[in-house]
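Line by line, the protein sequences give chains A and B.
With our numbering as the guide, the letters of the first sequence map in order to residues 1 to 481.
With our numbering as the guide, the letters of the second sequence map in order to residues 1 to 155.
Warning: the hint list may mix true and false statements.
Covered stretches of chain B, as calculated for chain A (at least 3 residues, CB under 8 Å) [stated by the list, open to error]:
(1) 24–36
(2) 61–68
(3) 86–95
Think of the hints as simulated: they come from the structure by calculation, not from any bench.
Even glycine gets a Cβ: it sits at the ideal position worked out from N, Cα and C.
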Amino acid sequence: MDETTQSKRARRGGWRLVLLVAAVAAAAAAGATALLVNVFERKQEARNPFYRVVELNDTIDDPAVWGKNFPLQYDSYRRTVDQVRTRYGGSEAVARTPDAVDPRSVTAQSRLEEDPRLKTMWAGYAFATDFREERGHAYMLEDQTFTERQAVKQQPGTCMHCHASVYLPYKKLGQGDLIKGFEAMNKMPYQEARKLVEHPVSCIDCHDPETMQLRVTRPGFIEGIRTLKAAQGVADFDVNTMATRQEMRAYVCGQCHVEYYFKGEDKRLTYPWNKGLRADEILAYYEEQGFSDWQHAATGAPVLKAQHPEFEMWNQGIHARSGVACADCHMPYRREGALKVSDHHVRSPVLNINNACQTCHHWPEEELKSRIETIQTRTFEMRNLAMDALVALIEDLQKARAAAAPADRVAAAQKQQRRAQFLLDFIEAENSMGFHADQEAVRVLAMSIDASRRGQAALGGMTQGGSPAPRAAPVSAGAGR
Amino acid sequence: MTRTAVALVLGGLLGLAAGIGGYTFLYAKGASYLTNDPAACANCHIMQPYYDQWRASTHRAVAVCNDCHTPPGLIPKYATKASNGFWHSYGFTTGRFHEPLRIKESNRRVTEQACRKCHAEITQAIDPAFDGPHQPRRADQELSCLRCHNQVGHF
Numbered sequence: 001m002d003e004t005t006q007s008k009r010a011r012r013g014g015w016r017l018v019l020l021v022a023a024v025a026a027a028a029a030a031g032a033t034a035l036l037v038n039v040f041e042r043k044q045e046a047r048n049p050f051y052r053v054v055e056l057n058d059t060i061d062d063p064a065v066w067g068k069n070f071p072l073q074y075d076s077y078r079r080t081v082d083q084v085r086t087r088y089g090g091s092e093a094v095a096r097t098p099d100a101v102d103p104r105s106v107t108a109q110s111r112l113e114e115d116p117r118l119k120t121m122w123a124g125y126a127f128a129t130d131f132r133e134e135r136g137h138a139y140m141l142e143d144q145t146f147t148e149r150q151a152v153k154q155q156p157g158t159c160m161h162c163h164a165s166v167y168l169p170y171k172k173l174g175q176g177d178l179i180k181g182f183e184a185m186n187k188m189p190y191q192e193a194r195k196l197v198e199h200p201v202s203c204i205d206c207h208d209p210e211t212m213q214l215r216v217t218r219p220g221f222i223e224g225i226r227t228l229k230a231a232q233g234v235a236d237f238d239v240n241t242m243a244t245r246q247e248m249r250a251y252v253c254g255q256c257h258v259e260y261y262f263k264g265e266d267k268r269l270t271y272p273w274n275k276g277l278r279a280d281e282i283l284a285y286y287e288e289q290g291f292s293d294w295q296h297a298a299t300g301a302p303v304l305k306a307q308h309p310e311f312e313m314w315n316q317g318i319h320a321r322s323g324v325a326c327a328d329c330h331m332p333y334r335r336e337g338a339l340k341v342s343d344h345h346v347r348s349p350v351l352n353i354n355n356a357c358q359t360c361h362h363w364p365e366e367e368l369k370s371r372i373e374t375i376q377t378r379t380f381e382m383r384n385l386a387m388d389a390l391v392a393l394i395e396d397l398q399k400a401r402a403a404a405a406p407a408d409r410v411a412a413a414q415k416q417q418r419r420a421q422f423l424l425d426f427i428e429a430e431n432s433m434g435f436h437a438d439q440e441a442v443r444v445l446a447m448s449i450d451a452s453r454r455g456q457a458a459l460g461g462m463t464q465g466g467s468p469a470p471r472a473a474p475v476s477a478g479a480g481r
Numbered sequence: 001m002t003r004t005a006v007a008l009v010l011g012g013l014l015g016l017a018a019g020i021g022g023y024t025f026l027y028a029k030g031a032s033y034l035t036n037d038p039a040a041c042a043n044c045h046i047m048q049p050y051y052d053q054w055r056a057s058t059h060r061a062v063a064v065c066n067d068c069h070t071p072p073g074l075i076p077k078y079a080t081k082a083s084n085g086f087w088h089s090y091g092f093t094t095g096r097f098h099e100p101l102r103i104k105e106s107n108r109r110v111t112e113q114a115c116r117k118c119h120a121e122i123t124q125a126i127d128p129a130f131d132g133p134h135q136p137r138r139a140d141q142e143l144s145c146l147r148c149h150n151q152v153g154h155f
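This is chain A alone, in the form it adopts within the complex (with noise of 0.2 Å):
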């Protein structure tokens, strides 16, 4: 080997070195300049939660303008359209023919056809023409104005309380006043009312557009409650200067989510907490007040229906008697780099069990699955067990009025008949099967059996031998662990 080719080899080795240590260092320096941008966007999102964008304030009820300055949080209220089951509720899609009447394509199932037994519930009211399982926030609106129930049954501008965006549309009716507004869409026929609202639930039913603080807007709501605490010692209770920031978690949902009639004959919401939450306290009102909702088709009662009593239910479990709101389930926390944002994406927290429950319950996910629905599946058993009570009883009543009974045997049976079903219609409505305070689910129903089976009592002889003995559901034997 001469020195020449010796020294050119030194030399290309000597810039193959060269080139390798400016890579090395190259790659040093865009590997750090990355987490160095990287560590700046973290600090940055910690810093401003949110970029404003647009002015908002109080005349603004578009979702969407509201969603330029909370794209995070407008994303996920947008994926409430999102149709998913769980083993006792949501919804699921069904495909169906739009017409001149109804241009919905998707439609939820039919309860009606899962459990025939409700048609003879509500026999005489709307219910028994058209009931589904509820969908998501997005289609509060759309579902009640194209629902087969508006074609029965004339009904009232009062409905937009809860099926609209009906904070601006009240202030704008009321002249600024939104109780005077309130007054006057109760009165409107639905149609009517209907032309004055646009948007389902949206930011501003909810939040102060300044502060974006909670805030109730819903007259029912603010008088139910002044109502509920006046009963329990608090005078002029208001709900938005004396609430809690975690009452307010609660209190933001139950503007909707109860129990409600129609007072008299200007339709006002009212909420019937004059005597307390429960389901027997509610009745007791209803008692007092003379109240009915429509007249039995098959046995002349003058009976109840119960709505989506959530927020009452609630309050009777142990999550509400640990300080647990409704947001902290139905829309926990999640992360977007830096940012903690509620999720808006209500819907089942069986749906999403990482953030709603296991933040405070250390366990498997299957393992607080199945402590879900084994107090779901009893609670549906004790259901079925209270409905075929009730059948039995209205067939009863309707062979006693064939045969002539006595009034007073059947106005008896009546009144017990009035009673089963709103017990039996509160659980059966409120959407938690149960869990949002099991005890207490089962307490109602057992009062619901018991007024049932007292009604056939009451009866007398004409049950014996004209009726089948009361039929009992099968009881599975998949409830127990």
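Got chain A sorted already, so can you dock chain B onto it with the hints?
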């Protein structure tokens, strides 16, 4: 190119990498992680709720984060800090980590040890695995403080 020029270019590149790296370290408050100050743990926003909880807890008066979340002894302490520091940065930079946050088994053992460090009198008296300071621990009899008191440092 002369040797001097090559050395200049190389030196420049290395210096650039070191400079950017050094600035990133400063900007990300890297040095604060070597201290005992609990505020350093909340540098990264994700720890804020845990820091807030600790500040409202009974343990605030007697223990900082490092007292329970790092083992005793200089080398084990900084080895634990280095390992957790690396994985926390990795998780927070890539965004890939489990939520709600869960403690790793190795870190749980560290905190379990911490209970026994300060509360030795009580734990030794009730711990069936402990036969005396010079006896081996009876592993099959192990009791866990954290199984029941798993939030004690934060409430």
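Evaluated hints:
Closer than 8 Å: that is the beta-carbon criterion, and the stretch 24–36 of chain B has 3 residues meeting it against chain A, so the requirement of 3 holds. For a cut-off of 8 Å, the count of residues in the stretch 61–68 of chain B with a CB near a CB of chain A stands at 0, and the three-residue condition is violated. A stretch counts as covered by a chain when three or more of its residues have a beta carbon under 8 Å from one of that chain; for the stretch 86–95 of chain B and chain A the count is 3, and the coverage holds.
Of the numbered hints given earlier, the model fails hint 2 alone.
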